[in-house]
Amino acid sequence: MGAVVQLRKRRAVFRRATAWLCIAECGALLAQQPPRPVSPYSVEAAFLMNFTKFIDWPPIAFKDPGAFFEICILGEDPFGSALGQVIQGDQAEGHKLAVRHIQRPPEQKTCQILYVSDSEKHVTAILSDLGPGVLTVGNGDVFLNEGGIIAFVIEGRHVRFDIDQRAASKESLVISAKLLSVARSVRK
Amino acid sequence: MNRSDAAPVTMKAYRNTSIKRKLLAVIVATTAIALCFAGAAMVLLDSTLFHISMQRDLASLASIAGDNSTAALAFDDPNVATETLTSLRARPHLVSACLYRPDGSLFAIYARPGAARSCPPPRVQQTIEGAPGGIAVSHPVMLRGKRVGTLVLLYDRGEMWQRLAVYAAIVFVILLAASAFAIAASSRLRNAITAPISHLSRAAAAVSERADYSVRVPKETGDELGVLVDAFNQMLERVQMRDVELQDARNSLETTLTSIGDAVVATDENGCVSFANPVAKSLLRWTETDLIGKHIDEVFHMEREYPRERLENPVHRVLREGRTVGLANRTILVVRDGTEIPIDDTAAPIRQGGRIAGAVLVFRDITERRRAQQDAAYLAAIVESSNDAIVGRSPEGVIQTWNAGAEKLYGYSANEAIGLQVETLIPYENRPREEEMMERVRTGGAVVHFESRRIRKDAAVVDVSLTVSPIRDKAGQLIGMSYISRDITEQKKSAESMRQTQKLESLGVLAGGIAHDFNNLLTGILGNASLALEDTPPGSVARQSMESVIAAGDRAAQLAQQMLAYSGKGRFVVERMNMSAKIREIVPLIKAAIRPNIELRLALADDLPPIDADAAQMQQLIMNVIINGAEAVPEGSPGALTIATRRQEIGSRYAHNGSGELKPGPHVVFEVTDTGCGMDEATKSRIFDPFFTTKFTGRGLGLSAVVGIVRGHRGAVEVSSALGKGTTFRFLFPVAGGNASAKQKGAQEGDASDLRGAGLVLVVDDEEIVRNMAKRALERYGYAVVVAEDGAAGVDLYCHEQDRIRCVVLDLTMPVMGGEEALSRMKAVRADIPILLSSGFNEAQAVERFQGKGLAGFLQKPYRTSTLLEKVKSVARQDVKALK
Chain A
3 MGAVVQLRKR
13 RAVFRRATAW
23 LCIAECGALL
33 AQQPPRPVSP
43 YSVEAAFLMN
53 FTKFIDWPPI
63 AFKDPGAFFE
73 ICILGEDPFG
83 SALGQVIQGD
93 QAEGHKLAVR
103 HIQRPPEQKT
113 CQILYVSDSE
123 KHVTAILSDL
133 GPGVLTVGNG
143 DVFLNEGGII
153 AFVIEGRHVR
163 FDIDQRAASK
173 ESLVISAKLL
183 SVARSVRK
Chain B
21 MNRSDAAPVT
31 MKAYRNTSIK
41 RKLLAVIVAT
51 TAIALCFAGA
61 AMVLLDSTLF
71 HISMQRDLAS
81 LASIAGDNST
91 AALAFDDPNV
101 ATETLTSLRA
111 RPHLVSACLY
121 RPDGSLFAIY
131 ARPGAARSCP
141 PPRVQQTIEG
151 APGGIAVSHP
161 VMLRGKRVGT
171 LVLLYDRGEM
181 WQRLAVYAAI
191 VFVILLAASA
201 FAIAASSRLR
211 NAITAPISHL
221 SRAAAAVSER
231 ADYSVRVPKE
241 TGDELGVLVD
251 AFNQMLERVQ
261 MRDVELQDAR
271 NSLETTLTSI
281 GDAVVATDEN
291 GCVSFANPVA
301 KSLLRWTETD
311 LIGKHIDEVF
321 HMEREYPRER
331 LENPVHRVLR
341 EGRTVGLANR
351 TILVVRDGTE
361 IPIDDTAAPI
371 RQGGRIAGAV
381 LVFRDITERR
391 RAQQDAAYLA
401 AIVESSNDAI
411 VGRSPEGVIQ
421 TWNAGAEKLY
431 GYSANEAIGL
441 QVETLIPYEN
451 RPREEEMMER
461 VRTGGAVVHF
471 ESRRIRKDAA
481 VVDVSLTVSP
491 IRDKAGQLIG
501 MSYISRDITE
511 QKKSAESMRQ
521 TQKLESLGVL
531 AGGIAHDFNN
541 LLTGILGNAS
551 LALEDTPPGS
561 VARQSMESVI
571 AAGDRAAQLA
581 QQMLAYSGKG
591 RFVVERMNMS
601 AKIREIVPLI
611 KAAIRPNIEL
621 RLALADDLPP
631 IDADAAQMQQ
641 LIMNVIINGA
651 EAVPEGSPGA
661 LTIATRRQEI
671 GSRYAHNGSG
681 ELKPGPHVVF
691 EVTDTGCGMD
701 EATKSRIFDP
711 FFTTKFTGRG
721 LGLSAVVGIV
731 RGHRGAVEVS
741 SALGKGTTFR
751 FLFPVAGGNA
761 SAKQKGAQEG
771 DASDLRGAGL
781 VLVVDDEEIV
791 RNMAKRALER
801 YGYAVVVAED
811 GAAGVDLYCH
821 EQDRIRCVVL
831 DLTMPVMGGE
841 EALSRMKAVR
851 ADIPILLSSG
861 FNEAQAVERF
871 QGKGLAGFLQ
881 KPYRTSTLLE
891 KVKSVARQDV
901 KALK
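Going down the list, the protein sequences come from chains A and B. Heads up: the first sequence runs through residues 3 to 190, numbered per the numbering used here. Heads up: the second sequence runs through residues 21 to 904, numbered per the numbering used here.
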């Protein structure tokens with residue numbers, strides 16, 4: 003009888019834990035990875051957030067130590083509220099994360115990640131004078147050719163990305179090998 | 021054998037194994053056990069450390085794999101994750117690796133070829149736990165503090181087992197090697213330990229098997245075994261010494277037991293004989309070979325002598341009670357051949373370490389001792405029961421033994437006498453002679469008999485006859501003397517009395533003989549004088565002479581009568597008489613003969629009983645004594661004479677110290693006491709002797725006659741006298757009995773004119789003068805007379821003339837044939853002829869002697885013719901009437 007009660011107790015704990023995990027993990031995944039058919043942008047929003055965990059920014063990338071780590075979206079925001087949900091309350095490199103929508107290329111040391119929406123033209127120009135320590139992320143295979151560092155690509159039903167390590171180095175960014183290992187391709 | 025016995029048997033077998041093997045086994049076992057423990061500890065430690073290490077390794081492996089998978093998880097790339105996991109195949113013991121998403125769904129998996137594609141479920145925390153098929157490691161994969169997934173690794177235990185197997189093999193090999201080394205080393209080292217032990221063991225075996233205490237163990241080391249060897253050798257030395265001492269003691273004991281006179285039998289605790297000395301074997305009639313081992317009951321059979329019954333063997337009691345037991349008195353040992361031996365002995369327990377290990381029985385044959393005791397008791401009884409005083413004295417003269425006879429004789433009890441000097445008993449005046457006698461005994465060694473005197477406790481002196489014998493020990497050394505003494509006071513007195521009596525009797529016989537012959541002569545003289553006087557005419561001168569002859573003859577007859585009275589054979593006419601009356605009658609007659617200055621006192625009893633006595637003799641006695649007493653008073657000095665009579669009862673114990681014999685009964689005492697000069701002892705002892713006199717004019721026959729008279733009356737006379745104080749004569753006569761002897765009056769004086777008779781008279785007398793006188797007298801008065809000179813001739817005549825003889829006058833004392841025999845023969849021929857007996861001895865005796873023999877009468881010599889004629893006529897007249 004006692005054993006049964008014990009078993010039931012354990013099961014209850016397990017269920018609560020599972021539920022908590024579902025809520026927490028699933029919530030997190032939902033924030034980063036929308037349910038299917040999940041919008042690729044929600045995945046990309048999660049990827050943007052995860053890039054901060056595998057890339058080291060140089061201190062010069064920030065105006066001051068108390069500055070936000072800003073993810074700037076240049077152009078049309080394809081993420082909706084997804085990105086905001088993903089970064090909420092999170093930090094990167096010791097700085098609080100924040101999302102900023104910009105329409106023009108940012109000033110130096112104001113954005114640490116610059117997502118260049120598909121709506122922008124003259125991407126190359128935009129990317130040419132950003133200053134050090136800005137990770138530039140865009141879509142499509144050509145984005146790297148335009149001087150971008152990471153470019154999202156849709157492969158099959160999965161969002162993948164390519165990395166231009168040289169561009170990153172130019173921006174004084176150190177990309178973790180782990181990130182490199184999951185990239186579809188890496189330009190060196 | 022059952023299972024439970026198996027272990028003990030093994031243990032027993034182990035116990036019996038040699039020390040060498042044991043040592044080897046111990047070394048090897050110890051080494052093995054130590055190594056096993058060490059190996060096990062090492063394996064345990066190593067497996068624990070290995071387990072920890074493996075856990076760390078797995079944790080780090082999971083951590084690395086998880087870290088390498090973070091990007092794949094973060095960017096949702098299962099392929100990369102799978103690749104990452106696949107890189108783990110380098111670890112052959114990894115069964116499977118699974119990467120789970122945070123929601124628990126499987127993200128990527130790697131499975132070892134051939135293994136199932138499954139993993140244990142993920143854990144929230146990092147855990148390492150056992151799982152089916154191995155160890156499961158659940159590792160959360162974190163990215164910037166956020167859990168991005170969980171890596172679960174399943175690792176089999178093959179590596180651990182392999183490692184354990186390798187370790188076990190190593191330990192085993194080491195164990196084998198170490199054991200081999202231990203055996204090798206111990207086989208070399210154990211000799212250092214076991215060699216001295218082996219020496220000890222061999223020495224101990226030699227000691228125990230051969231009792232050889234001379235062996236010694238060589239000392240090879242200076243360690244504890246060396247000390248043990250030294251101690252063992254010392255112990256052996258002491259044991260050897262003790263063994264020698266023990267053997268000596270045993271030999272000594274055995275020699276003692278063998279040589280002592282007592283029989284000794286020892287038994288074990290079961291009562292079986294373990295030792296018997298030669299005396300015991302000899303007494304029990306067993307030889308050693310068959311006695312040892314026998315049960316004591318078989319060889320020692322005891323019985324009580326009185327009452328006869330079997331006794332419990334003392335060995336049983338000793339074994340049962342554990343104390344020394346003395347045999348009962350009067351115990352008989354019945355030995356093998358049935359011989360019964362009186363024994364005396366004890367039995368005692370033999371103890372060993374507080375336990376009774378057996379009994380020892382000591383006994384001895386007491387046959388000789390008992391015989392000696394019996395003899396001694398017999399001798400002691402003889403000594404004790406002897407009426408003689410038997411006294412033992414030491415050479416120094418101290419009294420050592422004192423028997424009942426001595427108590428009686430001397431008045432001292434044994435307690436009083438023992439320890440006294442023997443001289444205490446000896447009067448001073450006897451001591452020199454006694455000393456002389458003792459010296460004779462001491463030097464000569466012979467038994468000495470002599471007479472002496474002794475002082476009683478009450479100071480009275482007694483005469484004793486002594487036999488003194490030396491008492492010597494076996495070496496001949498004088499160790500004492502024995503006195504056997506007998507009280508001879510009475511004997512001496514009696515002998516003196518006897519001597520006196522014999523003297524009196526012999527004198528009496530002499531006097532009687534003289535008187536007899538004298539009477540015969542006087543009979544002739546008086547008879548013939550009477551006849552002559554008859555023949556002489558009246559007025560003749562011759563007649564006066566004849567009368568003078570007759571008067572002188574009468575006086576001579578009186579003298580003869582005195583002599584006969586002394587001899588107790590005088591004329592004796594017994595009549596009943598009152599002594600007091602007689603004295604009163606006589607005293608006036610003799611007063612004239614007593615000097616006037618002598619006072620005569622009479623103390624006469626009035627109620628005095630009568631006595632049987634001859635009045636004439638008694639008168640003679642009274643007169644003699646009174647006159648004798650009166651004469652004892654010295655002339656010219658006043659004196660007193662007391663005459664007393666009384667009745668006195670004489671008991672059987674009356675101490676009579678005078679002449680004559682007294683029979684118990686009432687007596688009349690006649691006592692005359694004077695205040696005269698008295699007598700000394702010498703005079704006193706002779707006063708009754710005939711012809712002894714202290715008076716100038718005395719004939720010495722007065723008191724002699726008195727003694728004769730007293731004896732004739734069965735009386736006694738006692739004289740007590742003290743010199744200068746006076747003398748007392750005391751006469752005792754028996755009181756007359758109821759049937760007093762018949763009074764025999766003397767012959768009646770008859771009428772001479774009527775004396776004639778007729779017929780033949782036989783006169784038998786050896787004296788011719790008597791024969792002739794009687795013949796002439798009888799013939800003168802008409803009788804015819806035949807005479808015979810002795811009894812034989814008288815009997816012949818009697819036979820021839822029996823028809824004619826009217827009377828016989830027979831003399832009593834004659835040669836050839838006496839009157840007594842002649843009387844018997846005559847009476848045998850013809851009893852109706854009266855026979856007159858004629859004798860100078862007194863009539864009373866004759867009458868008594870011839871009573872019932874048909875005597876017709878008695879004719880007392882000397883007789884006158886008239887008396888003869890009267891008697892003859894009286895019996896002739898009575899014809900043949902016998903005297904009763």
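By construction, these hints were calculated from the structure, which means they are not laboratory data. Each hint should be verified, as a subset may be incorrect.
Said to hold, decoys possible - No more than 16 Å apart at the CA atoms, straight line, and that leaves these computed lysine to aspartate or glutamate pairs for EDC-like:
id : chain 1 : residue 1 : chain 2 : residue 2
1  : B       : K166      : A       : D92
2  : B       : K301      : B       : E404
3  : B       : K477      : B       : D507
4  : A       : K111      : A       : E173
5  : A       : K55       : B       : D87
6  : B       : K683      : B       : E738
7  : B       : K873      : B       : E841
8  : B       : K873      : B       : E840
9  : B       : K166      : A       : E95
Going through the hints against the structure:
no., hint, in the structure
1, B/K166 with A/D92, "11 Å, holds"
2, B/K301 with B/E404, "42 Å, violated"
3, B/K477 with B/D507, "14 Å, holds"
4, A/K111 with A/E173, "12 Å, holds"
5, A/K55 with B/D87, "12 Å, holds"
6, B/K683 with B/E738, "15 Å, holds"
7, B/K873 with B/E841, "11 Å, holds"
8, B/K873 with B/E840, "10 Å, holds"
9, B/K166 with A/E95, "15 Å, holds"
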